[in-house]
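Just so you know, the sequences run in chain order A and S.
Position one of the first sequence corresponds to residue 299 (the working numbering), numbered consecutively onward.
Position one of the second sequence corresponds to residue -4 (the working numbering), numbered consecutively onward.
The list that follows gives simulated cross-link-like pairs (lysine-lysine, DSS-like), each with its CA atoms no further than 30 Å apart:
hint, chain 1, residue 1, chain 2, residue 2
1, A, LYS488, S, LYS435
2, S, LYS125, A, LYS616
3, S, LYS393, S, LYS425
4, S, LYS393, A, LYS616
5, S, LYS371, A, LYS422
6, S, LYS393, S, LYS273
7, S, LYS317, A, LYS422
8, S, LYS435, S, LYS393
9, S, LYS435, S, LYS291
10, A, LYS616, S, LYS102
11, S, LYS425, A, LYS488
Simulated coverage check for chain A against chain S, where a stretch passes if three residues somewhere in it have a Cβ under 8 Å from a Cβ of chain S:
hint, segment
12, 482 to 490
13, 493 to 504
14, 507 to 517
Not everything, but these chain S residues come out facing chain A in the computed CB check (under 10 Å):
hint, residue
15, LEU387
16, LEU394
17, ASN406
18, ALA411
These aren't lab readings, by the way, just hints derived from the structure by calculation.
Computed from a predicted model, the values in this text were never measured in an experiment.
Cβ atoms here follow ideal geometry from the backbone N, Cα and C, with glycine treated the same way.
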Amino acid sequence: MSQIEAAAPKFKLTVSRDLTDVAYRLLAVALICIALSLVSDAFLTANNLLNVLRQASLVFFMASGLTLVILTGKIDLSIGATVGLSACVAATVIKSTGSPWLGAAAAIGVGSIVGLGNGLMVTKLRIPSFIATYGMLWVAQGATYYYMSGQSVYGFPTGFRALGSGYLFGIPIPIYLMVAFLVIGYFFTKRTTYGQQIYAIGANTVAARLSGIPVNSRLNLVFVLSGAMAGLASLIYLARLNSAEGDIGETLTLPTIAAVVIGGTSLFGGVGSLFGTFIGGLILTLILNGMNLLNLNANWQPLVTGLIVLLAVWLDMKTRSKTDSN
Amino acid sequence: MWTARSTLKFYVGKKRGRRSDDHLHEYRRGVAVPPFAICPVERMVGVTTMAPLKVDGDARAPLLELRGICKTFPGVRALDNVSFPIWPGEIHMLCGENGAGKSSLMKVLCGAYVADEGELFHHGEKIEIKSTLDARKFGIAVIFQEFSLVPYLSVAQNIYLGREFPGKVLGTIDRQKIRSEAQRVLGMIGSDIDIDAPVHTLGVAQQQIVEIAKALSQNARILVMDEPTSALSDTETEHLFGMMRRLKAAGVAIVYISHRMAEVFLLGDRITILRDGKKVATLLPDETSPGDLVQKMVGRKVDAIHRRGANIKAGEVALDVKGLSGPSGISDIHLNVRAGEIVGLCGLVGSGRTEVARAIFGADRVTAGEVTFFGKRFTGGPDEATRRGVALIPESRKLQGLALIRSVGDNIVVAALDRLFPSHVFHPGKAGKVAQAMIKKLRISTPSARRAVQVLSGGNQQKVVIGKWLTADARLFIFDEPTRGIDVGAKAEIFALMYDLVENGAAILMISSELSEIVNVCDRAYVMREGIIAGELSRERLSEENILQLGMHHE
Chain A
299 MSQIEAAAPK FKLTVSRDLT DVAYRLLAVA LICIALSLVS DAFLTANNLL NVLRQASLVF
359 FMASGLTLVI LTGKIDLSIG ATVGLSACVA ATVIKSTGSP WLGAAAAIGV GSIVGLGNGL
419 MVTKLRIPSF IATYGMLWVA QGATYYYMSG QSVYGFPTGF RALGSGYLFG IPIPIYLMVA
479 FLVIGYFFTK RTTYGQQIYA IGANTVAARL SGIPVNSRLN LVFVLSGAMA GLASLIYLAR
539 LNSAEGDIGE TLTLPTIAAV VIGGTSLFGG VGSLFGTFIG GLILTLILNG MNLLNLNANW
599 QPLVTGLIVL LAVWLDMKTR SKTDSN
Chain S
-4 MWTARSTLKF YVGKKRGRRS DDHLHEYRRG VAVPPFAICP VERMVGVTTM APLKVDGDAR
56 APLLELRGIC KTFPGVRALD NVSFPIWPGE IHMLCGENGA GKSSLMKVLC GAYVADEGEL
116 FHHGEKIEIK STLDARKFGI AVIFQEFSLV PYLSVAQNIY LGREFPGKVL GTIDRQKIRS
176 EAQRVLGMIG SDIDIDAPVH TLGVAQQQIV EIAKALSQNA RILVMDEPTS ALSDTETEHL
236 FGMMRRLKAA GVAIVYISHR MAEVFLLGDR ITILRDGKKV ATLLPDETSP GDLVQKMVGR
296 KVDAIHRRGA NIKAGEVALD VKGLSGPSGI SDIHLNVRAG EIVGLCGLVG SGRTEVARAI
356 FGADRVTAGE VTFFGKRFTG GPDEATRRGV ALIPESRKLQ GLALIRSVGD NIVVAALDRL
416 FPSHVFHPGK AGKVAQAMIK KLRISTPSAR RAVQVLSGGN QQKVVIGKWL TADARLFIFD
476 EPTRGIDVGA KAEIFALMYD LVENGAAILM ISSELSEIVN VCDRAYVMRE GIIAGELSRE
536 RLSEENILQL GMHHE
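Model the full structure from these sequences, guided by the hints.
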């Protein structure tokens, strides 16, 4: 046995699973960029590329919190509705007080509360996260409709709008924020004990609990973070749109999940990374951008998104079964 | 020794005697044809419940013969030139350490793997098994440890799942026929399970019988069973053995994988030993001994578990349990363990041993009683128990002990994250060093700390679980079936580790179904029966007989 095992490393790449995953995806990004620059002159312009990154940043904010939830093996379907509720509350707060800071606090606060609700349903009431957050989707959506009662709020102070559409040294402000959160997120997931515990919970929740990890409190944490990040995303969304209506977040949940999945995070938990999610969001945005540049009918977009998700998951399963078979 | 067909002798008789029969002995040596291959089965005493089985092809050839089977995975030669025949009506024991190739062989037989090289002969005709469908066609069925039953369907529906008899109207099924056929198949093996009971209401033993019935209903002539008794009680085991003997008498061949010596010698007609993917030998039970088998399995001389020397100094009370009761079915549990002691917790499967361990560790709710660790009252969950220096090595490594997809290193540090990194900032380099040191200390056989723990053998996986708690600085260890499913060599190492722990002042509570382990390893033991502590045995009174005496149900 020992000789056989000692011979094994020859066949094993020493790079970690995460790194190879990300490398494959960067390769995909490069290929898409080359393809798009060949078919469209407008693609490889600074303006367009910055625009892609700005759109990708919005996806990233929503998807980063969700990535943490999915890493634990749970799911948060209420992301879009949380963005909607946070955006609408923030919009009215900013309108009535004139203070973007209070609005920001309101958005992140509302998001966190929704997230805590999700977490408690999962940890205390033991409702499967798929059902708990699906219910929360309707509750938050309904609360938003009731709160807005068909009105829309628009026209925010310039300072606040800079958050979504402003530039610093020629680069959109959301991109700076995205880079900052990418760094913070990397540190949190890879360089804190919390991050390690999140991966451990996703890989085997029972074993994690029996290894002394406070599973419930960590699950509450990731749901709160997911809600808070949705709140933050709602601010950028609001600042960009400059108006809020009741249905603002309705269509956001599924593309967010798509970004996480394309980014290589396993829906079963324990495998994946925030950087992967960033690239997943980027791939999604690039494809949509390419379709716009080529003047393809927007009706094709969901279909293409779906195909990419399926392709990404299939490729993941293929590479994974290869590494697992020994 | 099994190839010369010309030396086959015909045996025409009507005898059934097992070991005393000379000709049967010759058959088992491979010289003669098994009696039931020729003599009508109905005439054999005691098998009237089972109809004779149809034999297609040459009855004098083995039911299945493997010749030079090889299977290679990257870095591992899982099967290396394995050859042996399987005769009708024999129980063929397959022994070997974990990683010896038993599972791979099983998967080749059932079509889950396709062999790289080698040939299979069915009744003397060359066949190829490329899928599970092929295997079924040739009457090969595997009863895995995890069953493939649908919990909410009835016994009858499960037996004929996917093969329902069509009803009179197109697209409908004939429920009555499914029921009557299921009843017939169960009757054949002498089982009285209610065919209308949903499978999830049955115990493990009954579910196993349903699996066997399902296999037989598909005309299985070769049953491959993977450690079928590992989750059964003694009575259930007896029942299963009776059923196996009946199947065997009817001409079914059973390939039986077991880690339990007693079973190997009780049931086996022949014993094939695998090591490192190679066949070491095929032996008759009469010409070998447990010690010899172990040596052949391990390939080097291993000391059997010697009874540990008497414990001289037991220290402070590490664990004190008073009147513990809980909804998991345990009531009024009193026990204590001192530093430097190994205390056994035994009893039949289902007597509440695991439940006691879980309740002590805070993993299950308790309704009454108190637990004290190192003199301090404990209430809380597993996280608090871990902080207090308590470790639980659970019954099921794979489901409860390890994150299989994570690396060896990740698993080793997971319980010690707060201890190693009190500021919550995680340093991969430091974690790697700690893991590396533990791999070295416990001699865990893995090429790298970054290797996923799922590719390790059972014994090495168990060492990872123990390493996890050593890294967490635990001082009270609760071992739940620490040697289940691991090979003899690794068992000895696990016990050596436990001795080392207690010598250094740790306290151990050990649950085991292997009574010899309890007797040889423990300083004293508590025996459970139906959720209560039936008694305590001091070192002087600790014997298998006394444990059984206390643990048996007295109706």
